[in-house]
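Protein chains in written order, with our numbering: chain C, -16 to 364; chain V, -15 to 232; chain L, 34 to 445; chain E, 1022 to 1328.
Treat the hints as calculated values from the structure; they're not laboratory data.
Honestly, I wouldn't trust all of these hints.
With a straight-line cut-off of 25 Å between C-alpha atoms, the simulated DSS-like cross-links for lysine-lysine are [said to hold, decoys possible]:
| no. | chain 1 | residue 1 | chain 2 | residue 2 |
| --- | --- | --- | --- | --- |
| 1 | L | Lys236 | L | Lys213 |
| 2 | V | Lys41 | E | Lys1317 |
| 3 | V | Lys178 | V | Lys167 |
| 4 | L | Lys170 | C | Lys183 |
| 5 | L | Lys343 | L | Lys414 |
| 6 | L | Lys146 | C | Lys26 |
| 7 | C | Lys26 | L | Lys148 |
| 8 | V | Lys17 | V | Lys218 |
| 9 | L | Lys339 | L | Lys236 |
| 10 | V | Lys105 | C | Lys(-5) |
For the chain C half of the interface with chain E, some residues (derived, Cβ under 10 Å), not all of them [stated by the list, open to error]:
| no. | residue |
| --- | --- |
| 11 | Ile148 |
| 12 | Arg170 |
| 13 | Gly174 |
Here a beta-carbon is modelled for each residue, glycine too, at the ideal position from N, C-alpha and C.
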Amino acid sequence: MNYFYEKVMGGKSGLTGFIILAVVILVAFPLFLDIFRLNLVGKYLTYAFPAVSLVLLWGYGGILSLGQGVFFGLGGYAMAMFLKLEASSPENTAIQSTPGIPDFMDWNQLTELPWFWVPFESFTFTLLAVIIVPAIFAYIIGAAMFKRRVGGVYFAIITQVIAVILTVLIVGQQGYIGGINGITDLRTLHGWDITTDNAKVIFYYICCLLLLSIVIVGRLILTSKFGSLLLAMRDKEDRVRFSGYDVSHFKIFIFCVASIFSAIGGALFTLQVGFMSPSFVGIVPSIEMVIFCAVGGRMSLIGAIYGALLINFGKTAFSETFPQLWLFLMGGLFIAVVMFFPNGLAGIWNTYGHYITDRLKQLKTVFVMKPSPQEAKQDLG
Amino acid sequence: MSANTDFTLAIEELTVSFDGFKAVNDLNLYVDKNELHVVIGPNGAGKTTVLDLICGKTKATSGSIKFLNKELTTMPEHKIVRAGVGRKFQTPSIYENLSVFENLEVSYPYGRSVLGSLLFKRTEKVERKIIKIAQDIMLEDSLDMPAGLLSHGQKQWLEIGMLLIQDPQLLMLDEPVAGMSVKEREQTAELLNKISKGRSVLVIEHDMDFVERIADKVTVLHQGKILAAGDMKKVQNDPKVIEVYLGH
Amino acid sequence: MKLKQHASKRTFMKNAACAVVLGLFTMASSQVTAEVNTTGLAVTDDTVTVGILHSLTGTMAISETGAQEAEKLAIKQINEMGGILGRKIKIIQEDGASDWPTFAEKSRKLLVKDKVAAVFGCWTSASRKAALPVFEKENGLLYYPTFYEGLEQSKNVIYTGQEATQQIIDGLNWVAKEKKAKTFYLIGSDYIWPRTSMKIARKHIENVLGGKVVGEEYKPLGNTQFGSVINKIRLKKPDVIYAAVVGGSNVAWFKQLKAAGITSKKQTLLTISVTEDEVLGIGGENLEGFYSIMKYFQSQDNPNNKAFVKAFKEMWGEDSVIGDVTQAAYLGPWLWKAAVEKAGSFDIDKVVAASEKGDIELTTAPEGYVKLHPNHHLWSKARVGRWNKDGQATVVYTSELIEPDPFPKGYQ
Amino acid sequence: MGGYTYSELGAIFAMQGFAGISLFSVLLLMALGLAIIFGQMGVINMAHGEFMAVGAYTTYFISTITENYLPSLMPIYFFIAIAVSFLFAGLLGYLAEFSLIRHLYKRPLDTLLATWGLSLIMQQSFRSFFGAREVSPTLPDWLLGSYQPTEMIDIPINGMFVLGLTIIVTLVVFYLLFKSSWGLKVRATTQNRVMSGAVGINTQKVDRYTFALGCGIAGIAGAAFTTIASTGPTTGSLYIVDTFMVVVFGGAASLFGTIASAFSIAQAQSILEFFISGSMAKVYTLLALIIILMFKPEGLFASKVRR
């Protein structure tokens, strides 16, 4: 328990940050926002999942994936397929030439459910698929790339190309997967109407709790030896390799974890928004996810969440009043974050703390520098 | 010559070519048990390439490298390390964002699989070993310091420590005293003499005084081939070596 | 029954008008507002609020600009005539930003927060599909202007553009008859509207016209390379190229056709995706002599249209062009006005019920005459226009009024 | 292929060959600028497509001016437009390097993000200046239509024009990089920045002009593309992935590789498109590229380097 407190929660300051986040999303938002805004925040929080995944993958691992949208999409589509099948009961689709299959299949002259849709009639399978399908996909990409030592820029570009391929594929195979319109008009989950306010509040809380959970999982990973190795690989990959580690396994693993995180976000997105479309799979959403992470602070799990919230709040607010200005602002933000605040919001927060009270700063430095060997000595003594 | 030998390391007929240029050409080199073997040679002689070949960073075009009678040329890098070969790079290669303690911990030879590293626990045994190594490399007072703040010489020692913690049978050091002060050189020489007990060490070095202080055996490389080999004195007096080093 | 209703509407109108006039002096009109608005919409004694929801930014902004301009024009004209049930129309405009979830999000905002009485908006099928569940859930009313693939009929949507059969079938009949066309090559962008349209076209060509489809091709959206397709077309030598290429691809497609020497002198080309808006980008010289099937062309010669084009240019500038969708968007507010006045209420259910009676008609529509079918689509005519170098079309064929049939039998 | 004469098939074969070559020249022209910036300098310029759009908009702007004020210059304005596009895109590239890129040489992944931000700003600027609508310049008459060597073969003139332009630009780039003293400096700087600085090369200046040159070539590509497609604010983003694929596949530092890769990608895609649908052709081409890159991570023409 002490280990958990000290290392995973990051001691007092880490725990404070975590609790503040929990209070903000679990108490403050539901208290001060109406259901419409709350549902929006819920949607933004689903983007925080890939952002958090990028902290692990990119911030610590140094592996920039421009294809997190792919996994977000895979998770979202898995969930959407289940909901669509439920929405396409023979009664609901009686006017179709083939009742009982999703409407877009009927429009494309399909007369029976394609084989890969059939297992999605089971909710259990769907929940598993949300996690396993992206993980397998990530494993294949990861194994192919990392075993061959494709990294850095090349990996970024290749993941981007994969995002393009998947988008073109989804758009092109509209009979099987809904095309550019996506999978729409999802209404019930086991007969329970997911479009009601009540359902939205419940999904919001599920979303928050899962988000807090993945932050904890992320911290567990980062505070283990694996976490140190991740940083080590980012800075001196050869040294790690020549210390007897098979670097590719570690990269594949963290890539899979990141893909699962993103996919959970995607599945929650589908549940809260009520549809899934290829516009969340392509290049632009994928890069936006990197931005959420960069703005929040690429080394801070919690920062990434604030990053996702801030950018999306800004997007909504600005696009209502100054749509022109928004792109300028967004572009400028990108550049500013990269050039002046490489550690994003989290970094600004720390610097700000520096200036505000010297004492606090000192405490912090002591705290950051200390942990491990100190413990070691205490234990020995 | 029989395939199996008593040598720790046996390199035979090793060749590697880059786009036709043979950086190492038909090389034969043997390192005995408990031997501190130094490879010297002018720039471009292929010294670093030899180390690259041994540790698997570069793949050989032909020839064989046997370590304790295990063929290394076909093994992936991490397996070579796990077999007992440690290698220090020319420029100090440490994790600057981790503390000295963490640097050593990361190099600790347990928890090398993904799962193992996730479940790795910092036990008393681990800590004792780390502190022991830190004492050896004269960094026991800097355990908490981020490694990036160490001096150049200390970084070199840290990297050596990161290898020592794995107890390799063969330790390969690429210019371990480059950029060190005179005092640091002396300390390093002491360190090398201490750690070469019970293992073989292969060192690349330019500093002849330093070589003289540590070497059991010296091999001179020139243009990918062995020019001379033997103890320091013999090598120093070899006319071919003098010609290469002094030129005309 | 009908007469009586008509009469009662008149009386009501009078009452309402009186009430508004009186209201200005006596502030006694709250009762009337309560009568015409029983579901808490944003209707006050002198205003009614509607939403306009199109993309002002992003890739679709190019296409959607005309539509929202036309809707604003119609609303301005209605207000100048005294508004609806004595109430001036107030607009809340939202930006869909070419992003489908944003359409859903903004729809919900307009319906839940702003309580608008009607929304004029959406352009792409994808944006409509995203917003549709919101309109059904919150019981809103959407006027959707774009010609589209059909296969949809929602209680909460009035479709002011053509569904696929209205656009396709008469055009194909015309080309088969006029050009003695037997073989067709179908090419479109890769998404639902071209694919569904081509499906209907293929069935009609094969089953009704007895012709042959010699090739069917879809290119990714945004594609700019048509060299291989053009070679395939050359090899197959179809009588007619039937095209539904959209967006930026359109320009590349027609430029490359011309560069490959395939011009109207040698080849008949019929497209369902080029309006005056697209011609601006493609350039009239690249299109000269090719045909579009639409229900409206800016060059249409009738008094309604002349007045409309004049008013549009006055409001939005002399350089503006008006395409099919722009005109269809213009119909939206007028159809809504007619339905509200017929229902005597802004309540969505009553307006929808009035719309479903099947007797709401606009004799003042720029395209001529349109009538609202109980299935929420419009009766309208199909027209074939031949493009001229100046970017305007000459209408060479006008059909009879065609009944909308979003679920065409034998074409699915 | 029953029912076709040999001459018909021959004609199609010839034209299909040209379609592939035409796509090749398009890809190569797009990729040349990036090959210099990414290949030689290691900067991931995600705004490369936007620099192309700068060229395209410049051409449009000049075309409009010529049409309205100097109609007699219409037949030749396009050459002026190409030159101005080059200079203007190059100038913007120069400024971008000065204000942005030079601070990020050691952080390649960060240049990716910063230039993405730059691309957003550029897109919005296009929208503010030229409107959201797609535009295309009025082309001189001689650029339209086709050349007919035989009755059945039509070779598009704009395709030949782009091909010719690509050849010229490629030759000039080769000359600059491999024959001029400036090229020597660029290559030296690429290989060892510190050393080049030490031997008296003004590496900052070299960087700035190299980046400007890359952007300028993007500007030429943009100008050339107005003969093929239209230009909108987001046009650039359509091309960027393809462009990167060409450069990466060819082996970043090798210009020969870029040419070979543009050629193979173009031929693969146009041949596939002839037999299967356009969308799937694209999917298969990209998949094949990724798989090949898996086996040759450094690209087709990476030279073995002793490390």
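We went through each hint and held it up to the structure:
1. Of the pairs offered as hints, the one joining Lys236 (chain L) and Lys213 (chain L) holds, with about 18 Å between alpha carbons and a cut-off of 25 Å not exceeded.
2. Note on Lys41 (chain V) and Lys1317 (chain E): the hinted pairing holds, with a Cα-Cα distance of about 17 Å set against a maximum of 25 Å.
3. The straight-line distance between the Cα atoms of Lys178 (chain V) and Lys167 (chain V) is roughly 17 Å, inside the 25 Å bound, and the hint therefore holds.
4. For the hint pairing Lys170 (chain L) with Lys183 (chain C), the CA-to-CA distance comes to about 13 Å; that is within 25 Å, so the pair holds.
5. The straight-line distance between the Cα atoms of Lys343 (chain L) and Lys414 (chain L) is roughly 23 Å, inside the 25 Å bound, and the hint therefore holds.
6. Proximity of Lys146 (chain L) to Lys26 (chain C) is assessed by CA-CA distance (about 18 Å); at most 25 Å being required, the pair is judged to hold.
7. Taking the CA atoms of Lys26 (chain C) and Lys148 (chain L), the gap is about 22 Å. The hint holds against a cut of 25 Å.
8. Between the alpha carbons of Lys17 (chain V) and Lys218 (chain V) the distance comes to roughly 21 Å, so the proposed pair stays at or under 25 Å and holds.
9. Only pairs whose Cα atoms come within 25 Å are accepted, and Lys339 (chain L) paired with Lys236 (chain L) is rejected, the gap being roughly 38 Å.
10. A distance of roughly 22 Å separates the Cα atoms of Lys105 (chain V) and Lys(-5) (chain C); the hinted pair therefore holds under the 25 Å criterion.
11. Below 10 Å, beta-carbon pairs count as interface contacts, and Ile148 (chain C) has one with chain E at about 5 Å; its hint therefore holds.
12. Hint status for Arg170 (chain C): violated, given a least beta-carbon distance of 30 Å to chain E, over 10 Å.
13. Violation of the interface hint for Gly174 (chain C) is found here, the shortest Cβ-Cβ separation to chain E being roughly 37 Å, above the 10 Å cut-off.
The earlier numbered hints that this structure contradicts are 9, 12, 13.
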